[in-house]
Amino acid sequence: MNKKEKLNFVLLVLVVLFFSLSGVFATGSQEKGKRAEKITLQMWDDYSGKTRDPVVKAAIEQFKKLHPNVDIQRTVRPLKDLTTMIIPALSAKKGPDMMVVNSGEQMEGPLVRGGHLVNLDPYAEKYGWTKKLLNPSLWNRVRYSEDGTVFGTGHIYGVSFDGELVGVYYNKDMFKGNGLGIPKSLDEFENVCEKLKGVGIAPIALAGLKDYRFFHLYALVQASVLSHDMGIEEAQKYLEDIVLRWKADRSFVIPGNIEAAKIIQDWVRKGYFVKGFLGLKGSDDLALFMAGKSAMFVQGSWYSTEIADSNINAGLFPFPPYKKGEPFSPQVGGATTPFGMSKYSKYKDLDAEFMNILLTSDTTVRLQKENSVLPARIPVSLKGIDKNTLYYDLLDDWNKINESGHMTFFLDWTTPTMWDTLAEGGRSLMGMKITPKEFVNKLEADYLNWQKNKPKPKK
Amino acid sequence: MKDINGGKLHKYVLSYLYLAPSLIVIIIFLLYPLFNSFRYSFFQWDGVGRMSFVAITNYIGIFKDAKFWISFRANLVYILFFSFIPTLFGLIVSSVVARANIRGVRIFRTIFFTPQVIASVAVGTIFGWIYAPQFGVVNQVLDLVGLESFQHAWLGSSATAPVAVGFIGVWLWTGFCIIIFVAGIQKIDEDFYASAQLDGANSVQQFFHITLPALKYEIVVVIIMTMIRALSTNVFGIVSAATGGAFGTRPISLYAYQLAFVQHDIGYASSVVAVLAVIVFVISGLSMRIGERE
Numbered sequence: 001m002n003k004k005e006k007l008n009f010v011l012l013v014l015v016v017l018f019f020s021l022s023g024v025f026a027t028g029s030q031e032k033g034k035r036a037e038k039i040t041l042q043m044w045d046d047y048s049g050k051t052r053d054p055v056v057k058a059a060i061e062q063f064k065k066l067h068p069n070v071d072i073q074r075t076v077r078p079l080k081d082l083t084t085m086i087i088p089a090l091s092a093k094k095g096p097d098m099m100v101v102n103s104g105e106q107m108e109g110p111l112v113r114g115g116h117l118v119n120l121d122p123y124a125e126k127y128g129w130t131k132k133l134l135n136p137s138l139w140n141r142v143r144y145s146e147d148g149t150v151f152g153t154g155h156i157y158g159v160s161f162d163g164e165l166v167g168v169y170y171n172k173d174m175f176k177g178n179g180l181g182i183p184k185s186l187d188e189f190e191n192v193c194e195k196l197k198g199v200g201i202a203p204i205a206l207a208g209l210k211d212y213r214f215f216h217l218y219a220l221v222q223a224s225v226l227s228h229d230m231g232i233e234e235a236q237k238y239l240e241d242i243v244l245r246w247k248a249d250r251s252f253v254i255p256g257n258i259e260a261a262k263i264i265q266d267w268v269r270k271g272y273f274v275k276g277f278l279g280l281k282g283s284d285d286l287a288l289f290m291a292g293k294s295a296m297f298v299q300g301s302w303y304s305t306e307i308a309d310s311n312i313n314a315g316l317f318p319f320p321p322y323k324k325g326e327p328f329s330p331q332v333g334g335a336t337t338p339f340g341m342s343k344y345s346k347y348k349d350l351d352a353e354f355m356n357i358l359l360t361s362d363t364t365v366r367l368q369k370e371n372s373v374l375p376a377r378i379p380v381s382l383k384g385i386d387k388n389t390l391y392y393d394l395l396d397d398w399n400k401i402n403e404s405g406h407m408t409f410f411l412d413w414t415t416p417t418m419w420d421t422l423a424e425g426g427r428s429l430m431g432m433k434i435t436p437k438e439f440v441n442k443l444e445a446d447y448l449n450w451q452k453n454k455p456k457p458k459k
Numbered sequence: 001m002k003d004i005n006g007g008k009l010h011k012y013v014l015s016y017l018y019l020a021p022s023l024i025v026i027i028i029f030l031l032y033p034l035f036n037s038f039r040y041s042f043f044q045w046d047g048v049g050r051m052s053f054v055a056i057t058n059y060i061g062i063f064k065d066a067k068f069w070i071s072f073r074a075n076l077v078y079i080l081f082f083s084f085i086p087t088l089f090g091l092i093v094s095s096v097v098a099r100a101n102i103r104g105v106r107i108f109r110t111i112f113f114t115p116q117v118i119a120s121v122a123v124g125t126i127f128g129w130i131y132a133p134q135f136g137v138v139n140q141v142l143d144l145v146g147l148e149s150f151q152h153a154w155l156g157s158s159a160t161a162p163v164a165v166g167f168i169g170v171w172l173w174t175g176f177c178i179i180i181f182v183a184g185i186q187k188i189d190e191d192f193y194a195s196a197q198l199d200g201a202n203s204v205q206q207f208f209h210i211t212l213p214a215l216k217y218e219i220v221v222v223i224i225m226t227m228i229r230a231l232s233t234n235v236f237g238i239v240s241a242a243t244g245g246a247f248g249t250r251p252i253s254l255y256a257y258q259l260a261f262v263q264h265d266i267g268y269a270s271s272v273v274a275v276l277a278v279i280v281f282v283i284s285g286l287s288m289r290i291g292e293r294e
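Heads up: the sequence lines are chains H and W, in that order. Using my numbering, read the first sequence as starting at 1 and increasing by one per residue. Using my numbering, read the second sequence as starting at 1 and increasing by one per residue.
In short, the hints are calculated from the structure, not lab data. Treat the hints with caution; some may be incorrect.
Said to hold, decoys possible - Calculated lysine-lysine pairs in the DSSO-like style (CA-CA distance at most 27 Å, straight line):
#	chain 1	residue 1	chain 2	residue 2
1	H	K454	H	K437
2	H	K3	W	K8
3	H	K437	W	K64
4	H	K442	W	K64
5	H	K6	W	K11
6	H	K3	W	K11
7	H	K262	W	K67
8	W	K64	H	K433
9	W	K8	H	K6
10	W	K64	H	K454
11	W	K67	H	K80
12	H	K4	W	K11
13	W	K67	H	K433
14	H	K437	W	K67
15	W	K64	H	K452
16	W	K67	H	K210
17	W	K8	H	K4
18	H	K442	W	K67
One chain only, chain H, in its complex shape (with noise of 0.2 Å):
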């Protein structure tokens, strides 16, 4: 190389060189004037689409106008990419100051054992939070121990400002078209499947592909077969001790388990589901309801917003009893993705401060009701709200679900792995490669083992 071309070389170094740095030192500089001048609070969340995001944005607007030099900057993703995202960050001491995370041991455990999150009970205290919103028995949902090995009480780590359950979404002409009302037990249930199938109508819209659609509709089942079996109380005590509190002296292998794992075999074998369903991935079943190829869909509130807006007059009815009569069966559901706080935060009265805005202010049940959410503000006022609508039948649900103490659980909750294991084994359990025992041994052999690995308490 001679001297010439060692020069150019040199400079081009340099020149890079000096562009880099130059990017570096005005970020930085600019961020230290901005910190003189403003404050900003970064929020990873998924309270996208039309039911949530209007809500989150009016309580930002009302936030602004009680402080005006803070900005919260959102980074908005679905849950599962933010779990990937939120984790690594909070390990690394960075990362948002609010954050949803979500329930049991797919995000909030470990970051409770990890210490990186705050214990939200004095928040809760001085803004009533526990007095306004949801019922007891869903405020354990979001509870940890203080060193993270105990689920289900303790301190509180997540609040949410909405609700949300699983129902059945049924097409009120094809009901009222072939003389069906709304099933009160799980008898009524499949004979209203069968009178379906008889006129060519595919009952149940399901997606095989997409895991959690079978294990909503197991832990429903599960609840009403179990009601019968145990009794209610008896029922959600033993739920509220597998999911929440994995307690040794329980396990799945137990008649009432294999009995709704039997029952939604079955259902297949009568053809209630839509054709190929196992092959259908995730929204194409809420596709097909909402075109009318099917009768019903059984899937949660977060997709009212999208059916009421169908062409499809739809409604709403809560899983049946396992005899007509019973008590009202426990469903599926809770509050949303909890929004907890960072560790980390350097703010956090003013993150507290906008969660309690979100959390409790007229203008979010409002919106929430404008936009067909579940409030956590409980019970709901049903004044107002047309009665023939798919959100009144949400409300009328949401209602009744919190007035009765009783929920069940996304059955997901238990382990790290039960996600994984619900999903393959109910695959193979509506593709009829196992037997229902099978299936139940399946969650079993999961639950033993996380008994095996599970957080143990310090001493």
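Fit chain W to the given chain H structure using the hints.
Chain W only, in chain H's frame:
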């Protein structure tokens, strides 16, 4: 003498200076994470709490893990459909078209290469719709031609889902293989074929005795590239979008992802990734050895 030695040293140092930026990037974004991942494989760690050293427990666990072997089987299927079959089709098609005077060759090259520029997730999503039981193209075509009895939930059973995903690989990679092999064949001196023809060799003999040996290097490159895609990057995106890993389609890479980021078992996930890396290295090494130029 002094000047010559000084000049050599200068060149030596300058060479490394030129390499430095790329080396730095590789070290920071490839080697360091690779080393860290390997280190994590000897620990039990949920990604947030304390790390507990468990030596080779994670690796022993892999041998007993039925889910890992199901994923391994899926990857073997993908190697067949993403690598071997496209290579074979590519060889056959290119041997036919490479020496023919076809009009619009550039247009065909563009068409064949187009699948390469589509993101894996988009490919998986589109094929998910193509295979959809209710309204997918495959079932609708079967219905149109009177074969409705063959309609199936292609992605909804462990008998068909891995193969259905595999066919995506054939679509994705055959065109690429054709392009590489055509370029390779066009480098072969026509005189060889002329001489062979004079000696009475037919086209099949010419293929095995002239074309195939001359394409050894291209075949190795294609097999290594397609196998790596079949083991890691491509299939991850395609399977995530098409099936989510259901019905025996989950590859090792997706399994490792779910272990790490859904089940929070970073240590075990790292050991799975380490095993996958070893498989990739072994296959690449073997392929290169077999295809070494004489």
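Now the hints, each set against the structure:
1. K454(H) - K437(H): Given that 27 Å is the threshold and the Cα spacing comes to 25 Å, the pair holds.
2. K3(H) - K8(W): Status holds; Cα separation ~15 Å.
3. K437(H) - K64(W): Since the Cα atoms of K437(H) and K64(W) sit roughly 23 Å apart, the hinted pair holds (cutoff 27 Å).
4. K442(H) - K64(W): holds (16 Å)
5. K6(H) - K11(W): With Cα atoms ~11 Å apart, K6(H) and K11(W) stay inside 27 Å; holds.
6. K3(H) - K11(W): Between K3(H) and K11(W) the Cα gap is close to 12 Å, so the pair holds against 27 Å.
7. K262(H) - K67(W): Roughly 25 Å between the alpha carbons, so the hint for K262(H) and K67(W) holds.
8. K64(W) - K433(H): holds (22 Å)
9. K8(W) - K6(H): holds (14 Å)
10. K64(W) - K454(H): holds (20 Å)
11. K67(W) - K80(H): holds (21 Å)
12. K4(H) - K11(W): Distance of about 14 Å is within 27 Å: holds.
13. K67(W) - K433(H): holds (16 Å)
14. K437(H) - K67(W): The hint holds at about 20 Å.
15. K64(W) - K452(H): holds (17 Å)
16. K67(W) - K210(H): Given that 27 Å is the threshold and the Cα spacing comes to 19 Å, the pair holds.
17. K8(W) - K4(H): holds (18 Å)
18. K442(H) - K67(W): Since the Cα atoms of K442(H) and K67(W) sit roughly 13 Å apart, the hinted pair holds (cutoff 27 Å).
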